[in-house]
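Novice: What follows is the residue order along each chain.
2 protein chains.
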Amino acid sequence: MELNKLLSTIDTELDQSINRLMELLRIPSISTNPQYSPDCLKAAEWLVKELNTIGFSASVRKTQGHPMVVAHSSSEKPQLLFYGHYDVQPVDPVEAWNHHPFEPTILPNDSKGVIQARGSSDDKGQLMTFIEACRYWKKQTGQLPQGISILIEGEEESASPSLIPFLKSNKDELKAELALICDTGLFASKVPAIITQLRGLVAMEFEITAPNKDLHSGLYGGLAVNPLNILGKIIANLHDQNGTITIPDFYEGVSELTPERKVEWDNLQFDSSDFLGEVGLLHPAGEKTKSPLEQLWSRPTLDVNGIKGGYSGDGFKTVIPSKASAKISCRLVGNQDPEKIIKNIKEFVISHLPKDCQIQFIDHGAAKACEMPLTHPMFATVKKSLSEEFSTNCVFAGCGASIPIAGFFQDILGMNSLLTGFSKENDNIHSPNEKYDIDSFHKGIRSWARVLYYVHQSN
Amino acid sequence: MELNKLLSTIDTELDQSINRLMELLRIPSISTNPQYSPDCLKAAEWLVKELNTIGFSASVRKTQGHPMVVAHSSSEKPQLLFYGHYDVQPVDPVEAWNHHPFEPTILPNDSKGVIQARGSSDDKGQLMTFIEACRYWKKQTGQLPQGISILIEGEEESASPSLIPFLKSNKDELKAELALICDTGLFASKVPAIITQLRGLVAMEFEITAPNKDLHSGLYGGLAVNPLNILGKIIANLHDQNGTITIPDFYEGVSELTPERKVEWDNLQFDSSDFLGEVGLLHPAGEKTKSPLEQLWSRPTLDVNGIKGGYSGDGFKTVIPSKASAKISCRLVGNQDPEKIIKNIKEFVISHLPKDCQIQFIDHGAAKACEMPLTHPMFATVKKSLSEEFSTNCVFAGCGASIPIAGFFQDILGMNSLLTGFSKENDNIHSPNEKYDIDSFHKGIRSWARVLYYVHQSN
Numbered sequence: 000m001e002l003n004k005l006l007s008t009i010d011t012e013l014d015q016s017i018n019r020l021m022e023l024l025r026i027p028s029i030s031t032n033p034q035y036s037p038d039c040l041k042a043a044e045w046l047v048k049e050l051n052t053i054g055f056s057a058s059v060r061k062t063q064g065h066p067m068v069v070a071h072s073s074s075e076k077p078q079l080l081f082y083g084h085y086d087v088q089p090v091d092p093v094e095a096w097n098h099h100p101f102e103p104t105i106l107p108n109d110s111k112g113v114i115q116a117r118g119s120s121d122d123k124g125q126l127m128t129f130i131e132a133c134r135y136w137k138k139q140t141g142q143l144p145q146g147i148s149i150l151i152e153g154e155e156e157s158a159s160p161s162l163i164p165f166l167k168s169n170k171d172e173l174k175a176e177l178a179l180i181c182d183t184g185l186f187a188s189k190v191p192a193i194i195t196q197l198r199g200l201v202a203m204e205f206e207i208t209a210p211n212k213d214l215h216s217g218l219y220g221g222l223a224v225n226p227l228n229i230l231g232k233i234i235a236n237l238h239d240q241n242g243t244i245t246i247p248d249f250y251e252g253v254s255e256l257t258p259e260r261k262v263e264w265d266n267l268q269f270d271s272s273d274f275l276g277e278v279g280l281l282h283p284a285g286e287k288t289k290s291p292l293e294q295l296w297s298r299p300t301l302d303v304n305g306i307k308g309g310y311s312g313d314g315f316k317t318v319i320p321s322k323a324s325a326k327i328s329c330r331l332v333g334n335q336d337p338e339k340i341i342k343n344i345k346e347f348v349i350s351h352l353p354k355d356c357q358i359q360f361i362d363h364g365a366a367k368a369c370e371m372p373l374t375h376p377m378f379a380t381v382k383k384s385l386s387e388e389f390s391t392n393c394v395f396a397g398c399g400a401s402i403p404i405a406g407f408f409q410d411i412l413g414m415n416s417l418l419t420g421f422s423k424e425n426d427n428i429h430s431p432n433e434k435y436d437i438d439s440f441h442k443g444i445r446s447w448a449r450v451l452y453y454v455h456q457s458n
Numbered sequence: 000m001e002l003n004k005l006l007s008t009i010d011t012e013l014d015q016s017i018n019r020l021m022e023l024l025r026i027p028s029i030s031t032n033p034q035y036s037p038d039c040l041k042a043a044e045w046l047v048k049e050l051n052t053i054g055f056s057a058s059v060r061k062t063q064g065h066p067m068v069v070a071h072s073s074s075e076k077p078q079l080l081f082y083g084h085y086d087v088q089p090v091d092p093v094e095a096w097n098h099h100p101f102e103p104t105i106l107p108n109d110s111k112g113v114i115q116a117r118g119s120s121d122d123k124g125q126l127m128t129f130i131e132a133c134r135y136w137k138k139q140t141g142q143l144p145q146g147i148s149i150l151i152e153g154e155e156e157s158a159s160p161s162l163i164p165f166l167k168s169n170k171d172e173l174k175a176e177l178a179l180i181c182d183t184g185l186f187a188s189k190v191p192a193i194i195t196q197l198r199g200l201v202a203m204e205f206e207i208t209a210p211n212k213d214l215h216s217g218l219y220g221g222l223a224v225n226p227l228n229i230l231g232k233i234i235a236n237l238h239d240q241n242g243t244i245t246i247p248d249f250y251e252g253v254s255e256l257t258p259e260r261k262v263e264w265d266n267l268q269f270d271s272s273d274f275l276g277e278v279g280l281l282h283p284a285g286e287k288t289k290s291p292l293e294q295l296w297s298r299p300t301l302d303v304n305g306i307k308g309g310y311s312g313d314g315f316k317t318v319i320p321s322k323a324s325a326k327i328s329c330r331l332v333g334n335q336d337p338e339k340i341i342k343n344i345k346e347f348v349i350s351h352l353p354k355d356c357q358i359q360f361i362d363h364g365a366a367k368a369c370e371m372p373l374t375h376p377m378f379a380t381v382k383k384s385l386s387e388e389f390s391t392n393c394v395f396a397g398c399g400a401s402i403p404i405a406g407f408f409q410d411i412l413g414m415n416s417l418l419t420g421f422s423k424e425n426d427n428i429h430s431p432n433e434k435y436d437i438d439s440f441h442k443g444i445r446s447w448a449r450v451l452y453y454v455h456q457s458n
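Protein chains in written order, with numbering that gives the first Met the number 0: chain H, 0 to 458; chain U, 0 to 458.
It is worth saying that the hints were derived from the structure and are not from the lab.
Bear in mind that the values here come from a model prediction, so they are computed numbers and not experimental data.
Note that the Cβ used here is the ideal one computed from N, Cα and C, for glycine as well.
Misleading hints may appear alongside valid ones.
[To be verified] Some chain U residues flagged as far from chain H (calculated, every beta-carbon gap over 10 Å):
1. Thr-245
2. His-282
3. Pro-299
4. Lys-316
5. Ala-400
6. Val-454
[Stated by the list, open to error] The calculated DSS-like cross-link candidates involving lysine-lysine, where the alpha carbons are at most 30 Å apart (straight line), are:
7. H:Lys-287 - U:Lys-354
8. U:Lys-423 - U:Lys-339
9. H:Lys-232 - U:Lys-137
10. U:Lys-232 - H:Lys-339
11. H:Lys-76 - H:Lys-212
12. U:Lys-4 - H:Lys-212
13. U:Lys-76 - H:Lys-232
14. H:Lys-189 - H:Lys-170
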């Protein structure tokens, strides 16, 4: 087995790899919106076909929600379980896209160009880096690397409701020494990174009903309670003037940064005005007493993600609406208890309701934060591989995002996870014009090839 | 000329009158939404055709916006100018309607039934009461009542932008002794009423932009300013805990109720829990120190009429949106200065913006409040006619709504207005399932017939 030969095949056949990714990107597998369920199935079937083609024994596995894709490179118990997700975020506001989100387009940049499409970076482009690495390995050696299993889910963007039951009922099949989760990014868009801590997530929405129908503000204004005013007061009271979240006991289980971690992070010399400058901002807006990296990685947050109520079309309507609603989510850290926080938020909201108002809640999932133990030798292997590929030292970083799967692997399979990935801060994840740099895709495939090579050596 | 004969013709031919109203109701003349402009023109042309058919010299008159309908019963200077509007409110949420809003449907009630359709009560059903009265007058006497002019506009629901220039450039043609405005309702749905004071209106919207694109709350949450949180704080601060509006100088020009007016209103024995009970509420939510009728008729208000921002579709999206917007409007009283209030609201909103936020305002019109002088003899004539028709004493009442036209007639034509109408509190004006009782329509036609009769007598 010769690494350089493997890498040069990857280089020369990059265009074919890109074409395969484009095929997958054309499937609008939006998991949060029921009308796209058939497309989620289609994406799963496409992956199974590809995986079988290159020698995996792969199958679509039914769940209560969108199906799972499971694949094994060999019959024995898996050494490594690779995880990714084929579902993508909704695309609205669709008018903000330069190209149709599901007609992947290659646009120029200062390097090899970028692929613009919903899911290009989160997470189809990333999961394909691993599959392509396996493909070229097979091509060169005649067989797949041994002891590799793959799990690709279709509900990551909608809080993975089917994952826990699925893991529970397939423990023996899926439990490996370590999980490789490829759904994160480079540090500051330049330096390869292994993620050592993730924030948890709770997501919910509530709808306030005041009058039993929309009212004419001329006939009722002044006398009838307006649910939009109530909603405003609730939102306004979620944070105090220091950016501290006011939900009772919200910070229970949140611990301060360890001195070691603090030193590590200070050494990263993170520049928040660079980071925020990318999106037209300048000033950190979180807890005034915490550093920007703490606000991003190690502190919990509460954000309103959507509001709705009254007339918001063209022109004007002097209406006092019957209903007003908001979607809110929290990023959790340390030992914050998601269930307890959901309960406290509901009580907090209810405590702000005046007479005559009804309220309805919808839960959209909950996951604890988690911290990765760095004990498994793979951490050294991956660090070495990525440092080589990027010709710069791969760092251990935090991450503000929530990838509940890592916690589920820990809780249900007793399996640790190693998180790494190749996306960049400016990839517009969850936003219009999501893109994945061809350089990220290329280096990603090459990085996994290196990882497979060193694992092969050590076996 | 025999009144009873006229009234009985109205009774026997009521079905034809209803059919003509239904025709007009089938035209979706929504003025606030540009896509319905052709329908607004269509409604104007329909009215001109009808008015010419019964002997008026009527024409469609172009404006910068939707056209006016002007008609004259005779060549001499008009004695009375009748006013109504053919435009209607938007229909959303359309799914809340029992029947298509522009397929008028007759539904049973405890009397002659109701006509359900957008515009049935506001204002197509009402303006047709007058036109139908003229029709039957002509039928019986062979000619139209003399000295009657009609002005029907198509922008009442979008703050009448073209009206002022139109009145200015057609002063001589339109100035009459008195205007008859038929766009108001019965008192407590039972007692005929002449409206002696109207609230003014300012309407505007603003859009806050924070990041220059939608962001992933996992990657930016905690650090990036969220415009939805800012919007919430602005809305929350518009009122204090006593329901008092906090915009600086907002109450400038608001006078307390005169003792006489107070006695009049107390005698009306208004029951706010009945009034609010109709819409599923119980508790007055306005200024704690004011009576319910004051909150409705003589006090200014500020309401949020619509909000928008982030993801509000099915499922969930952990986004920090780039933009958040709100539509707000105020009902004005006394000598409140609309322009000054718009200026103060804008300054108030801007003063609540943190760093990194941009804001954009859109004005949606402004009108002063106005009080009617009761000097013209027509007030006695109309009071007598309506009291006879409803067999109960017609009252002088206030009104929470804003009918800027009365102010424009006063300012531009130096002409006073008499406001009356036959709609009911439960007509769902501006709401889904708007309706007009056939009894309102019938009594309305008969009431105008009586008015025309007594005017004829006195001439």
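Novice: Which of the stated hints cannot be reconciled with the structure, identified by number in ascending sequence?
Specialist: Hints 2, 3, 4, 5, 8, 9, 11, 12, 13, 14 are the ones this structure does not satisfy, whereas the remaining hints hold.
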